[in-house]
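Protein sequence lines correspond, in order, to chains A and B. Heads up, the first sequence is in this note's numbering, so the first residue is 1 and it goes up one at a time. Heads up, the second sequence is in this note's numbering, so the first residue is 1 and it goes up one at a time.
In short, the hints are calculated from the structure, not lab data. Source: prediction; values computed, not measured. Any given hint could turn out to be false.
[Unchecked claim] Covered, in the sense of this in silico footprint (three residues per stretch, anywhere, with C-beta under 8 Å from a C-beta of chain B), are these stretches of chain A:
#, region
1, 36 to 42
2, 255 to 261
[Unchecked claim] If the Cβ cut is set under 10 Å, some of the chain A residues that face chain B in the computed set are:
#, residue
3, Asp25
4, Ala30
5, Glu46
6, Ala73
7, Leu83
8, Met84
9, Leu85
10, Pro135
11, Arg202
12, Gly203
13, Leu204
14, Asp213
15, Arg225
16, Gly229
17, Tyr234
18, Ala236
From the three backbone atoms N, C-alpha and C, an ideal C-beta is built for every residue, glycine too.
Number of protein chains: 2
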Amino acid sequence: MGEFELIERYFTRPPRRAVQGVGDDCALLAPTPGQWCAVSSDLLVEGRHFLSTVPPRALGHKALAVNLSDLAACGATPTAFTLMLALPRVDESFLGGFSQGLYELADAHGVELVGGDTTAGPLCVGITVFGDVPPGQALRRDGARVGDDLWVSHPPGGGLGDARLALEVLRDQAQLAGDGFAALRRAMEWPQPRVALGQALRGLAHAAIDLSDGLTGDLGHVLARSRVGAEIDYSALPRSAVLAAQPEPVQQRCLLGGGDDYELLFSAPAAARPAVQRAAEAARVGVIRIGTVQAEAGLRVRMPDGRVLPQPPRGFDHFAGDA
Amino acid sequence: MGEFELIERYFTRPPRRAVQGVGDDCALLAPTPGQWCAVSSDLLVEGRHFLSTVPPRALGHKALAVNLSDLAACGATPTAFTLMLALPRVDESFLGGFSQGLYELADAHGVELVGGDTTAGPLCVGITVFGDVPPGQALRRDGARVGDDLWVSHPPGGGLGDARLALEVLRDQAQLAGDGFAALRRAMEWPQPRVALGQALRGLAHAAIDLSDGLTGDLGHVLARSRVGAEIDYSALPRSAVLAAQPEPVQQRCLLGGGDDYELLFSAPAAARPAVQRAAEAARVGVIRIGTVQAEAGLRVRMPDGRVLPQPPRGFDHFAGDA
Numbered sequence: 001m002g003e004f005e006l007i008e009r010y011f012t013r014p015p016r017r018a019v020q021g022v023g024d025d026c027a028l029l030a031p032t033p034g035q036w037c038a039v040s041s042d043l044l045v046e047g048r049h050f051l052s053t054v055p056p057r058a059l060g061h062k063a064l065a066v067n068l069s070d071l072a073a074c075g076a077t078p079t080a081f082t083l084m085l086a087l088p089r090v091d092e093s094f095l096g097g098f099s100q101g102l103y104e105l106a107d108a109h110g111v112e113l114v115g116g117d118t119t120a121g122p123l124c125v126g127i128t129v130f131g132d133v134p135p136g137q138a139l140r141r142d143g144a145r146v147g148d149d150l151w152v153s154h155p156p157g158g159g160l161g162d163a164r165l166a167l168e169v170l171r172d173q174a175q176l177a178g179d180g181f182a183a184l185r186r187a188m189e190w191p192q193p194r195v196a197l198g199q200a201l202r203g204l205a206h207a208a209i210d211l212s213d214g215l216t217g218d219l220g221h222v223l224a225r226s227r228v229g230a231e232i233d234y235s236a237l238p239r240s241a242v243l244a245a246q247p248e249p250v251q252q253r254c255l256l257g258g259g260d261d262y263e264l265l266f267s268a269p270a271a272a273r274p275a276v277q278r279a280a281e282a283a284r285v286g287v288i289r290i291g292t293v294q295a296e297a298g299l300r301v302r303m304p305d306g307r308v309l310p311q312p313p314r315g316f317d318h319f320a321g322d323a
Numbered sequence: 001m002g003e004f005e006l007i008e009r010y011f012t013r014p015p016r017r018a019v020q021g022v023g024d025d026c027a028l029l030a031p032t033p034g035q036w037c038a039v040s041s042d043l044l045v046e047g048r049h050f051l052s053t054v055p056p057r058a059l060g061h062k063a064l065a066v067n068l069s070d071l072a073a074c075g076a077t078p079t080a081f082t083l084m085l086a087l088p089r090v091d092e093s094f095l096g097g098f099s100q101g102l103y104e105l106a107d108a109h110g111v112e113l114v115g116g117d118t119t120a121g122p123l124c125v126g127i128t129v130f131g132d133v134p135p136g137q138a139l140r141r142d143g144a145r146v147g148d149d150l151w152v153s154h155p156p157g158g159g160l161g162d163a164r165l166a167l168e169v170l171r172d173q174a175q176l177a178g179d180g181f182a183a184l185r186r187a188m189e190w191p192q193p194r195v196a197l198g199q200a201l202r203g204l205a206h207a208a209i210d211l212s213d214g215l216t217g218d219l220g221h222v223l224a225r226s227r228v229g230a231e232i233d234y235s236a237l238p239r240s241a242v243l244a245a246q247p248e249p250v251q252q253r254c255l256l257g258g259g260d261d262y263e264l265l266f267s268a269p270a271a272a273r274p275a276v277q278r279a280a281e282a283a284r285v286g287v288i289r290i291g292t293v294q295a296e297a298g299l300r301v302r303m304p305d306g307r308v309l310p311q312p313p314r315g316f317d318h319f320a321g322d323a
């Protein structure tokens, strides 16, 4: 099977909203009248963003999920995406699973594959996603204000750091006593972008970001761009029972250094608490207050004994290595 | 230098037209009123689309050029792009050259880098480019009509196949008698997207495509989607003096199998010949008629002796190998 048959078989459907979809030099989109276009691009590389053992269907899901998560963080409604795929060779089993996972998530969010590029090469997946957002209403990183509550979203019964813990278990950096690995692996391979929550937070949240590089790193971006500081209540951070059973250093690394959470971190005024709770219920996702925006620069993590954690784990940096 | 400092130093400028550029979860674009948005994504992988010896500045140029070429082929006006870059390590010399080449071409076309992603990994560059095109006026692959002229663009004094010949010389598949390699290498590493020509052809050309995978392959896409056939006059194909000095089999491979030309191939009615010539002069690029669209399916390459070439070299397919 050649490149063009591959595209035809696995990545071509009749366009729905797009004026022109896969198969020409360009896709053509008719912008939604009166809306701004939010754009995000994420590149996933084997061995960096996913393991070689990832099920293809999960990879298709995750590649789109991490991009939808960026749209969620700015409160946009997903509309379309392009796919760039480098593959070592044509592998129909891989392509079948990958495209299934990709389309399942796309259909769940009403977002359409409109074009892209397929080539031979080391396995990597680049997606550019488009969304609509009303002018001036996008959530941004630079809007946090002193006195705001800091919130994070979390899955029912779950929390931050499970994806990181899954990776640590696979790397023998952490051990599991019980049988919780399936849930951890699910957190790592099947992140759920908080698209509905992001949209519901427009007009409520002052600032938002999605947690992809870990809480301290991503919160640090919000604080730097908003020119504020913050205090986090460590005991308030949502964590799964599996993570809560880990030794304290592992918990700290996973909760604070984290990575691959794809939950929303946002700030909102105290007066908006009931509205934030209603937004989360409508979006069927948990939210919890984890701290407060302060005037003093920097991030302080307050531990249960009242002391401030001296050196919180850093967020992930692709060229500086793990937290 | 970490990921975020790298982005800040090499890939961040104040937004011009974009509402929000690099540095948040999403870029925000205000669509041009009354225009459709043309979108194209291309992924370039080391060893596949460029050699490890490519000068970084040329790579920055080429990565954007091949995407602008897709916009050219649909007659769109470039507006913005995102960049996904996987790098084995932070290499400031590489980044300086790469970003210089990228921004030089971006500035030449008034197109703005609005976001993207940087990660560690095997060297590859993915760009998604956006352009404006008036509703219903985009050039497409499926509009060629029986009786249309077939045209290709070409550089002054140059033609098709020089990039392919450069690659063949580097791979010892072809030899150069004289000192023409600098020009060939320039064709391979510094393709010039025919953006102005593409825009000027709106309303004139019935169909268009950019030549990235070779003449027979790309023309084949146009013919298949337009449900027509064509005859090409081999002796009319524009070729540089360097290529014209090659043995006939090399010329055929390079002209017909080609690859990496990034010229426009388009069809237009005979009545439009003067207008096509004027469009090309305004765009400061050469154009030449190379054949005719016919009702009979398939592609016939007419040789100087009057015979049809039995097996023309195929176009490039990333999973089927070279022509």
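**Report entry** Earlier hints that do not hold, by number
**Finding:** Hint check: 2, 11, 12, 13, 16, 17 and 18 fail, others pass.
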